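Asker: Modelling step: build the complete structure from the supplied sequences, incorporating the hints.
As numbered in mature numbering (1 follows the signal peptide of the UniProt record, and there is no 0), residues -19 to -1, 1 to 702 make up the sequence shown, in order.
Among the clues, some could well be false.
Unchecked claim - Computed list of lysine-lysine pairs in DSS-like fashion (alpha-carbon distance at most 25 Å, straight line):
no., residue 1, residue 2
1, K253, K241
2, K360, K244
3, K241, K153
4, K153, K244
5, K96, K34
6, K153, K60
7, K253, K360
8, K179, K127
9, K127, K60
10, K253, K179
11, K66, K34
12, K96, K325
13, K153, K66
14, K80, K127
15, K127, K241
16, K153, K209
17, K325, K253
18, K66, K127
19, K253, K219
20, K360, K179
21, K66, K82
22, K127, K34
23, K153, K127
24, K60, K96
25, K153, K72
26, K66, K96
27, K325, K209
28, K72, K82
It should be emphasised that the hints constitute simulated quantities derived from the structure, not laboratory data. Quantities reported herein were computed from a predicted structural model and do not represent experimental measurements.
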Amino acid sequence: MERSLFLLTLLLLISRTATVSVNVQPRQNIQLLSGVLRFDGENRTEDEHNHFKLLEHDGDSLLVGARNAVYNLSIASMKAGHELKWAPPYKVVETCTMKGKTTDECQNYVRVLAKQAEGQVLICGTYAYSPKCRIYRYDAATSEFKVYEQFDGEAISPYSPHDNSTAIYLRKTDEIISGTVSDFVGNDPLIYRRRLTKVKSGEEGIRTQRDDVRVLDNPNFVASFEYKEHIYFWLREKAAEAVDNNEERQVYARVARVCKEDKGGPRPSHDKWTSFLKARLNCSIGAATPFYFNELKAVSDPVPSPSSPSDHLVFAVFATPDSSVRMSAVCAFSMQTIRDTFDKGTFKYQRTGSSQWTSLPRSEIPSPRPGSCSADSSKLPESTVSFVMRNPLMHQAVSSLRGPLFVEGSARAELTQIAVLPSVQSVDGGRHTLIYVGTSDGRVLKAIQIGNETVLIQSALVFPSGAPIVNLLTTDSRIIVVSPDEVASIPPEGCSFAPSCAACVRLQDPHCAWDERLSRCVSRSDGSGWRQGDVIQNVVRGESPQCPLVTSMGDDGDSGIVLGVGAVISPRLGSTELPSSSPPYTGQTVALACLVCVILASVCGFFVGFRIASARRMVDAHHSASSTSGSDYDSFGRARLTRHDSLTAASVKMDPHTIYGGPPSKHSVDATSLVIPAAMSMSHHGGSSGTTTPGRDRNALMTSLNNTTLPRDYKVKKVYL
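Answerer: Laid out in structure tokens, this is it:
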């Protein structure tokens, strides 16, 4: 019941707002069997896990962190060209297990990698819950990487392979900036900066202040990247400013940033950030009471905005909190809007620990503006540094562009990862942005935004085992899909699965077009090339008059299984009926239809219930009248209370031909007659009882049935049964 009410409320919200795509049906469902290149590491037992993590994309190769190893995989073959082995010694593993961790957890899972100058590579891993870092150098004589230096990796690498952490390397300054935890139990989250060239000097580096929930409170870091003069961190955390009805703080999605040139403040803040700011991310269905997707799951790299050459867009996956109705959404954000929020917005603050969070008046913001970048942060005034440390949160949330692009409901698998392929050219020369989204059941969804509508081009099953997708990467020729124990490379399109011209065009995929000469759906990478006059494509409308109305099913070869291509396939005749060209129902139409159905069902239920209640009252009256006939059974054959000769009332004549075969006692009446006044009698035929009772007025009887007391002049005798 709770779940149904929730879904109805959501539909009503959608009906009152702009069009929101909920549970969009893909143009085609496919299961990839061939054409997929896979890598699953070394042989391992069921209790051992790789915990693969995509660390870097370098041209035609991938660097993947794993259990006690780093693999250099070729995108073309998904085979390991090189690998670095780095396992913790037995004593370190034994110490880890004595602290309560499993043997599988007490391995070295590589989580951080950075390619430095002069052929050096920085690698950091969990190292059995005691993080370590190594610098490797390439030896041309042996064609191998050799250990050059090893040092403590605390605050750079997480302790556990399950921890959500992020790191970015600044090649220009040879610095690593990470978002992780710095202790065994994970109670000290931080954003940390360390210069690698001064590792041996013991320089502490710069970090966020410790034990301050206004700065970071139990965060899960999702991603980080460099954009202009800042480093941006994307995370979800407990919100100090938000408390729910159970007096528990809610989890909010955040974007935070620091200046790349931040050197720390004047003493004693020389080891603290002077530019750390954060803001809430608003991915919601707009209404008087918005429906929020608060938990950030994944973020894409920034891609050029089609509408503004100077701006970039970031696409992100959000989810609702864990509940019986779990939902996911994809939202897009403008980097310019995020910059304006930090550079021009007001700050959120609290006068006291028990007061409400409000917007700080602009007149109270010190100068220079807190959080802004400076040539030498160590010379900033104390007022600016102390302000930003106390009030890092912006008052205004960063709103997404046009709300969620599409929403996956509770009946669908949860969205987990996202990657974007920008500026894909169609046949007519147009440029389009394609969105790839991973799911918790091993699928990759491919979508395109056309105007205000999101078209779900296809759903491709990559991991038949249903393993969740933990990393996604797009390249021009392949899509890299990572699960905890497998890395796969798949084509960026599924054109060959479309069996007809209409099905191919209906995909609205800029990768796919119908080749009239070959009579099949092809991609630009098929080798046949695209010539304007020989191929049919319409990305905007998804239909073309050049396609014949009826087409026979094409031969898909052995590339996979077509689970659905937007057409109805008859199992008896093997024919294909093209789907209707009418547009899909919008969220508003569905919501209004559901609302009308609910109202009609309520009215019908009330009418039926009223008629049943009226019939029950009539039947009850009929039963009560029948009870005065003297029979031991009512009209349904149920036995009544036993009659006693000691109960006296008006004499009742018995029919000598009754089934009882003899006259009853002269003063015999049934117990029910005691509560109905004799003056209010009615006639009832004796067909069922063989006894005739004096006539009674029906209205008087109904009145007596509805009363709860006896008439004042009525006399009764107490009877003990």
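Asker: All the hints need checking, so say for each whether the structure fits it.
Answerer: Here is what the structure says about each hint:
no.: 1; hint: K253 <-> K241; in the structure: holds (14 Å)
no.: 2; hint: K360 <-> K244; in the structure: holds (10 Å)
no.: 3; hint: K241 <-> K153; in the structure: holds (11 Å)
no.: 4; hint: K153 <-> K244; in the structure: holds (15 Å)
no.: 5; hint: K96 <-> K34; in the structure: holds (16 Å)
no.: 6; hint: K153 <-> K60; in the structure: violated (32 Å)
no.: 7; hint: K253 <-> K360; in the structure: holds (13 Å)
no.: 8; hint: K179 <-> K127; in the structure: holds (21 Å)
no.: 9; hint: K127 <-> K60; in the structure: holds (22 Å)
no.: 10; hint: K253 <-> K179; in the structure: holds (18 Å)
no.: 11; hint: K66 <-> K34; in the structure: holds (16 Å)
no.: 12; hint: K96 <-> K325; in the structure: violated (36 Å)
no.: 13; hint: K153 <-> K66; in the structure: violated (28 Å)
no.: 14; hint: K80 <-> K127; in the structure: violated (32 Å)
no.: 15; hint: K127 <-> K241; in the structure: violated (31 Å)
no.: 16; hint: K153 <-> K209; in the structure: holds (14 Å)
no.: 17; hint: K325 <-> K253; in the structure: holds (23 Å)
no.: 18; hint: K66 <-> K127; in the structure: holds (11 Å)
no.: 19; hint: K253 <-> K219; in the structure: holds (22 Å)
no.: 20; hint: K360 <-> K179; in the structure: holds (22 Å)
no.: 21; hint: K66 <-> K82; in the structure: holds (22 Å)
no.: 22; hint: K127 <-> K34; in the structure: holds (22 Å)
no.: 23; hint: K153 <-> K127; in the structure: holds (24 Å)
no.: 24; hint: K60 <-> K96; in the structure: holds (21 Å)
no.: 25; hint: K153 <-> K72; in the structure: violated (38 Å)
no.: 26; hint: K66 <-> K96; in the structure: holds (17 Å)
no.: 27; hint: K325 <-> K209; in the structure: holds (17 Å)
no.: 28; hint: K72 <-> K82; in the structure: holds (14 Å)
The structure shown violates the earlier hints numbered 6, 12, 13, 14, 15 and 25.
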